[in-house]
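Protein chains in written order, with our numbering: chain A, 74 to 334; chain B, 4 to 220; chain C, 4 to 220; chain D, 2 to 223; chain E, 2 to 223.
For the record, the hints were derived by calculation from the structure and aren't laboratory data.
What you are looking at is a predicted structure, and each value in this text was computed from that prediction instead of being measured.
Here a beta-carbon is modelled for each residue, glycine too, at the ideal position from N, C-alpha and C.
A portion of the hints provided could be inaccurate.
[Claimed, not checked] Derived contacts from chain E toward chain C, CB cut-off under 8 Å, selection only:
| id | residue |
| --- | --- |
| 1 | R19 |
| 2 | G80 |
| 3 | H88 |
| 4 | R123 |
| 5 | I222 |
[Stated by the list, open to error] Covered stretches of chain A (in silico footprint by chain E; criterion: 3 or more residues with CB under 8 Å from a CB of chain E, positions within the stretch not fixed):
| id | segment |
| --- | --- |
| 6 | 208 to 216 |
| 7 | 220 to 233 |
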Amino acid sequence: MKFLSTIWQFLNRSFFRLGSPREFYKISNYVTPVFGLLFLVLTLIGSYNALFVAPADYQQGDSYRILFVHVPSAWLSLFIYIVMASAAAIGLIWRMKMAYIVAICSAPIGATFTAIALATGSLWGAPIWGTWWEWDARLTSELILLFIYFGVMALYYAFEERTTAERAMAVLAVVGIVIVPIIHYSVEWWSSLHQGATVFREGGPAMPPSMLKPLLYNALGFTFFYGYILFLRARNMVLDNERKSKWVQELVNKEHNKEAH
Amino acid sequence: MIDSQKAKEVLLQAQELACTRGDRRLFESLEFSLSEAECLHVIGSNGSGKTSLLRIIAGINHPTKGRITWSGKPVLNNHSSDTEFLANLAYLGHKDGLKNELTSVENLSFYRRLENTFDPNQIDRDLAQMGILEHADISVGKLSFGQRRRLAFARLLRSEFKLWILDEPFTGVDAEGRELIEQICLEHLATSGAIILTNHQSLEGSSLAPHLSELRL
Amino acid sequence: MIDSQKAKEVLLQAQELACTRGDRRLFESLEFSLSEAECLHVIGSNGSGKTSLLRIIAGINHPTKGRITWSGKPVLNNHSSDTEFLANLAYLGHKDGLKNELTSVENLSFYRRLENTFDPNQIDRDLAQMGILEHADISVGKLSFGQRRRLAFARLLRSEFKLWILDEPFTGVDAEGRELIEQICLEHLATSGAIILTNHQSLEGSSLAPHLSELRL
Amino acid sequence: MNSTFILFCRREWQLLFRNTANLVQPLCFFVIITLLFPFSLPLENELLSRIGGGVIWVSAVLAILMSLDAMFKADYNDGALEQWLMHPRSLPIAMLAKVFIHWVATGLLLTLFSPVLSMAFRIPTDQIWVLFIGLLLGTPSLSLIGAIGAALTVSLHRGGVLLAVIILPLYIPILIFGAGMITQSSLGASIDSQVYALIAILTLAITLTPFAIAGALRITIE
Amino acid sequence: MNSTFILFCRREWQLLFRNTANLVQPLCFFVIITLLFPFSLPLENELLSRIGGGVIWVSAVLAILMSLDAMFKADYNDGALEQWLMHPRSLPIAMLAKVFIHWVATGLLLTLFSPVLSMAFRIPTDQIWVLFIGLLLGTPSLSLIGAIGAALTVSLHRGGVLLAVIILPLYIPILIFGAGMITQSSLGASIDSQVYALIAILTLAITLTPFAIAGALRITIE
Ligand code: HEM
Ligand SMILES: Nc1ncnc2c1ncn2[C@@H]1O[C@H](COP(=O)(O)OP(=O)(O)OP(=O)(O)O)[C@@H](O)[C@H]1O
Ligand SMILES: Nc1ncnc2c1ncn2[C@@H]1O[C@H](COP(=O)(O)OP(=O)(O)OP(=O)(O)O)[C@@H](O)[C@H]1O
Ligand SMILES: [Mg+2]
Ligand SMILES: [Mg+2]
Numbered sequence: 074m075k076f077l078s079t080i081w082q083f084l085n086r087s088f089f090r091l092g093s094p095r096e097f098y099k100i101s102n103y104v105t106p107v108f109g110l111l112f113l114v115l116t117l118i119g120s121y122n123a124l125f126v127a128p129a130d131y132q133q134g135d136s137y138r139i140l141f142v143h144v145p146s147a148w149l150s151l152f153i154y155i156v157m158a159s160a161a162a163i164g165l166i167w168r169m170k171m172a173y174i175v176a177i178c179s180a181p182i183g184a185t186f187t188a189i190a191l192a193t194g195s196l197w198g199a200p201i202w203g204t205w206w207e208w209d210a211r212l213t214s215e216l217i218l219l220f221i222y223f224g225v226m227a228l229y230y231a232f233e234e235r236t237t238a239e240r241a242m243a244v245l246a247v248v249g250i251v252i253v254p255i256i257h258y259s260v261e262w263w264s265s266l267h268q269g270a271t272v273f274r275e276g277g278p279a280m281p282p283s284m285l286k287p288l289l290y291n292a293l294g295f296t297f298f299y300g301y302i303l304f305l306r307a308r309n310m311v312l313d314n315e316r317k318s319k320w321v322q323e324l325v326n327k328e329h330n331k332e333a334h
Numbered sequence: 004m005i006d007s008q009k010a011k012e013v014l015l016q017a018q019e020l021a022c023t024r025g026d027r028r029l030f031e032s033l034e035f036s037l038s039e040a041e042c043l044h045v046i047g048s049n050g051s052g053k054t055s056l057l058r059i060i061a062g063i064n065h066p067t068k069g070r071i072t073w074s075g076k077p078v079l080n081n082h083s084s085d086t087e088f089l090a091n092l093a094y095l096g097h098k099d100g101l102k103n104e105l106t107s108v109e110n111l112s113f114y115r116r117l118e119n120t121f122d123p124n125q126i127d128r129d130l131a132q133m134g135i136l137e138h139a140d141i142s143v144g145k146l147s148f149g150q151r152r153r154l155a156f157a158r159l160l161r162s163e164f165k166l167w168i169l170d171e172p173f174t175g176v177d178a179e180g181r182e183l184i185e186q187i188c189l190e191h192l193a194t195s196g197a198i199i200l201t202n203h204q205s206l207e208g209s210s211l212a213p214h215l216s217e218l219r220l
Numbered sequence: 004m005i006d007s008q009k010a011k012e013v014l015l016q017a018q019e020l021a022c023t024r025g026d027r028r029l030f031e032s033l034e035f036s037l038s039e040a041e042c043l044h045v046i047g048s049n050g051s052g053k054t055s056l057l058r059i060i061a062g063i064n065h066p067t068k069g070r071i072t073w074s075g076k077p078v079l080n081n082h083s084s085d086t087e088f089l090a091n092l093a094y095l096g097h098k099d100g101l102k103n104e105l106t107s108v109e110n111l112s113f114y115r116r117l118e119n120t121f122d123p124n125q126i127d128r129d130l131a132q133m134g135i136l137e138h139a140d141i142s143v144g145k146l147s148f149g150q151r152r153r154l155a156f157a158r159l160l161r162s163e164f165k166l167w168i169l170d171e172p173f174t175g176v177d178a179e180g181r182e183l184i185e186q187i188c189l190e191h192l193a194t195s196g197a198i199i200l201t202n203h204q205s206l207e208g209s210s211l212a213p214h215l216s217e218l219r220l
Numbered sequence: 002m003n004s005t006f007i008l009f010c011r012r013e014w015q016l017l018f019r020n021t022a023n024l025v026q027p028l029c030f031f032v033i034i035t036l037l038f039p040f041s042l043p044l045e046n047e048l049l050s051r052i053g054g055g056v057i058w059v060s061a062v063l064a065i066l067m068s069l070d071a072m073f074k075a076d077y078n079d080g081a082l083e084q085w086l087m088h089p090r091s092l093p094i095a096m097l098a099k100v101f102i103h104w105v106a107t108g109l110l111l112t113l114f115s116p117v118l119s120m121a122f123r124i125p126t127d128q129i130w131v132l133f134i135g136l137l138l139g140t141p142s143l144s145l146i147g148a149i150g151a152a153l154t155v156s157l158h159r160g161g162v163l164l165a166v167i168i169l170p171l172y173i174p175i176l177i178f179g180a181g182m183i184t185q186s187s188l189g190a191s192i193d194s195q196v197y198a199l200i201a202i203l204t205l206a207i208t209l210t211p212f213a214i215a216g217a218l219r220i221t222i223e
Numbered sequence: 002m003n004s005t006f007i008l009f010c011r012r013e014w015q016l017l018f019r020n021t022a023n024l025v026q027p028l029c030f031f032v033i034i035t036l037l038f039p040f041s042l043p044l045e046n047e048l049l050s051r052i053g054g055g056v057i058w059v060s061a062v063l064a065i066l067m068s069l070d071a072m073f074k075a076d077y078n079d080g081a082l083e084q085w086l087m088h089p090r091s092l093p094i095a096m097l098a099k100v101f102i103h104w105v106a107t108g109l110l111l112t113l114f115s116p117v118l119s120m121a122f123r124i125p126t127d128q129i130w131v132l133f134i135g136l137l138l139g140t141p142s143l144s145l146i147g148a149i150g151a152a153l154t155v156s157l158h159r160g161g162v163l164l165a166v167i168i169l170p171l172y173i174p175i176l177i178f179g180a181g182m183i184t185q186s187s188l189g190a191s192i193d194s195q196v197y198a199l200i201a202i203l204t205l206a207i208t209l210t211p212f213a214i215a216g217a218l219r220i221t222i223e
């Protein structure tokens, strides 16, 4: 019991430590390059395997290889939304500055991945379904996700006062979470052109390991890419938001001195 | 004056209050307390943060730092669920919360019902007291600036609020109306209420003077 | 005082002016004239029709009856095409015509351009004179009530309007700002301008006193 | 708590009738949008009756959407919202009352009117019922969800279009179920699943959105 | 006179960009309305491509309509309109400038975007051009005529819907010609008469509506 509570306290502390912009900035100094590196390595391995190692599909030939971009981006578009909405909720509940920053920095990245999923899906659909766009449940709900991302960003930038902007954005982000299950289950709830769950399904992935492996590498690589960009953007935002505070001033002075020498 | 107030109960206390709007620090480590039967006159030049302070006390804006206590108990950060404090609080700012489409009587009735103090005869008497009974049945959008301010003030009559927060209550009212409002404030103070107000002219010469304490921003 | 003004040119004359709002007759067969270097103080209790009168003179509202002449020539009924009169007229009411989204400088520049008197340095100087240069670059929506009133007033500086119509110009400005505005009005009067204003306090003691004439509604 | 609801309902109702135009406008708007389509499409009865249900749903959504902007604007501008925020009475309940009257004046009214329009589009009688039930179940959710957007954008100068941008994506699921009912029933299939979905959305909306609306107002009003 | 135009254009442009959301919102709105239809109609490609042109036109009309309400509202509320009324500069010219920038931010932008949407509706390429030209000629008239309605309703509290009710009927002729072009061209017929009609409406609108707008403002502002 004591052990558990120690763990809980540790988690609690680190959670709130990350919640302080200054601590976040310190930690991000180390984490950002690591994420960048992991992204490069994983994506390179994944892409090499995807392009040269994985066999051609017996039905689709080589065109299926777009899967290695499409599926990770589609997953990420959902994953990032979940992260964004959770961060927004944390911000609203615990009034944590960092959570809002994470949420608002995630939005454009999520929108980009959503756009990529839509674009690659369309490209793929053209040869497979004979059409690049169909008003089908999966596709349209993914499009709605894109609009929700846009709405979240538009709302944020519509306010002049930052604190109001981030809290208003957070409410919308939390409310918009309903779209995520709709996208995920759309293929089951409605008859759809799009194929059903292939990887995360009961009874294991219905995919040969030679295809699955590069897919997972890429998915992980893309996730680190998200983390990398997120940290980069969040660092900038932290500096901008806290530009009046002492520690940022000190940081600026230090940089200044470095340049002077 | 100070002696007589020491005996009274302290209603509101602010500790270390700080407020930053945009890049400007308006005030910092502001401390004051307000007792029963006290009228706190917040003084400051334009843009010194009087309205911001009043709105922070009313819970509409949030302070950058600091704490407010009401009868010794700290007021919750966002006020929203602090019903005891809220029930004791009336705020009258530049915007008055009156509906242009409704008549004076309807507007006042709504607020009285909200506060569970509704009584139709009383409403007529209150409007008469503020000198706007004549206009009771035209829609508020057609009232003159000063008539509208009088109506907004009428809300405070016979209500159970202990603390009145008044942002420039005398704007737009004529000399007679001003006296009237001062009189009403006096009565409120006499029933051990408290007032925080701003005004650009000094109140030293007014009938409120014996109860006055000043806070300079 | 009367003697010295007889010599001056009569700028504005109102004849038989009447105004009815709703069922109420506000004023009837109102007559007055305004000469150069004269400041007409319209006095009346709340709801007596001061704002209505000012808006009628400015051509925003229409009188029920009566005529207005400007330098001897009758002003057209709806003012709209009477460019000579309009070009000489500035009206400052409770609403100030400032855009919340734009900064002080941008707002002022727009009006200066409209009046063909745009000069960026001048704008800075005018804002400094009104004591709001510090806030020149935040959007007007964030200004305090008094700062906003000051900005609205800044429009009148160095403009070619001969007649200023000011509805309660001192609302919301602090003591220092009030003095400033009186000073500016004095300068305007000194350059043979004219002012019509309303104010709930008497202006007898103010620096405008020598130019004052009163109109009771 | 109960009386807060009634008090606010009363007030909104009063305001609604003070300007009777308010009452008929959303309805007129609904009718006009619906009737725009016959002007802009090739005139074929068969085409009209096929798209009629969808058009009526889209028009209902748009009519409600356009009335949302005004929902809190006036109360914001004259400071009434501030006063409510400061009041010890339950803000979510008060807002629920406001939304309820809004729905009566928009959603309910146009639902009651929809059968007439359906006839103009030559929609078969059994589908008119489907449309009616769909609108009855769907429009309250539209008002409730829309109110969140209205609350979030109340302090913005040109909130109207932003409101649409943030709210329409959330309306789409309701639209899909509501209009889907008509397509389904025209194929002779069961509409139970859509009805259940609409009821589920409505239940969720009634229980959760008042808090979201109140929270949004507390955030945007400063 | 010329400089009045430029002065007001400049100001509106500034206001537009002060809040970049203003710029993208009508467009987003247009896109979203257009996309509502596929959700609410039976999914058949042939049906979509037949109604696509009409739907895009209706969406454009609605997008412009929804942005009209805000056109004069802010200027009215803060007293800027009063000041203009009182100014010797030509009010019609000033209003023309205001409408012009409004059109750039709404009509022009969504015209430029219409080809993309047309593709989503599978409208054939030659008809995409017809749609584009129709929108380019029609949307300025929509902004101009709409501004009259906006001016007439500016002093009303819930003007938004009333505005729609009085303006939409005036929009119908433009809609008929604009959407008619597409129907005509899909039948292989000439679209000249519609183009001439739209040009004629536009010419009339540019020359006459500024005076109507200015007159309406003088009437409604008291
Ligand atoms: C514009 C068109 C498309 C869009 C918007 C789209 C969207 C999505 C989304 C959102 C997911 C993630 C679903 C989830 O995790 O719940 C996904 C997964 C997937 N998509 Fe697509 N898709 C499109 C076209 C295609 C096409 C043409 C194919 C191939 C025939 C395809 C194959 C897949 C596969 C295999 C998965 C992984 C399924 C899984 O295991 O969950 N997609 N797509
Ligand atoms: N549109 C209207 N319809 C009916 N009555 C109106 C209308 N507008 C104003 N009134 C009435 O006209 C009277 C004069 O209003 P006005 O605003 O001119 O007064 P005022 O002298 O400026 O007062 P204050 O000192 O309060 O500013 C008021 O009694 C008001 O109720
Ligand atoms: N949202 C905001 N963003 C930035 N600055 C703001 C904001 N709101 C207010 N301010 C600034 O805060 C300062 C104080 O404003 P406040 O309204 O509290 O002043 P005040 O003392 O009431 O002045 P007045 O006597 O003019 O009413 C002003 O300088 C104003 O410009
Ligand atoms: Mg103030
Ligand atoms: Mg007045």
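Status of the hints after comparison with the structure:
no.: 1; hint: R19; result: holds (5 Å)
no.: 2; hint: G80; result: holds (3 Å)
no.: 3; hint: H88; result: holds (6 Å)
no.: 4; hint: R123; result: violated (41 Å)
no.: 5; hint: I222; result: holds (7 Å)
no.: 6; hint: 208 to 216; result: holds (count 4)
no.: 7; hint: 220 to 233; result: holds (count 5)
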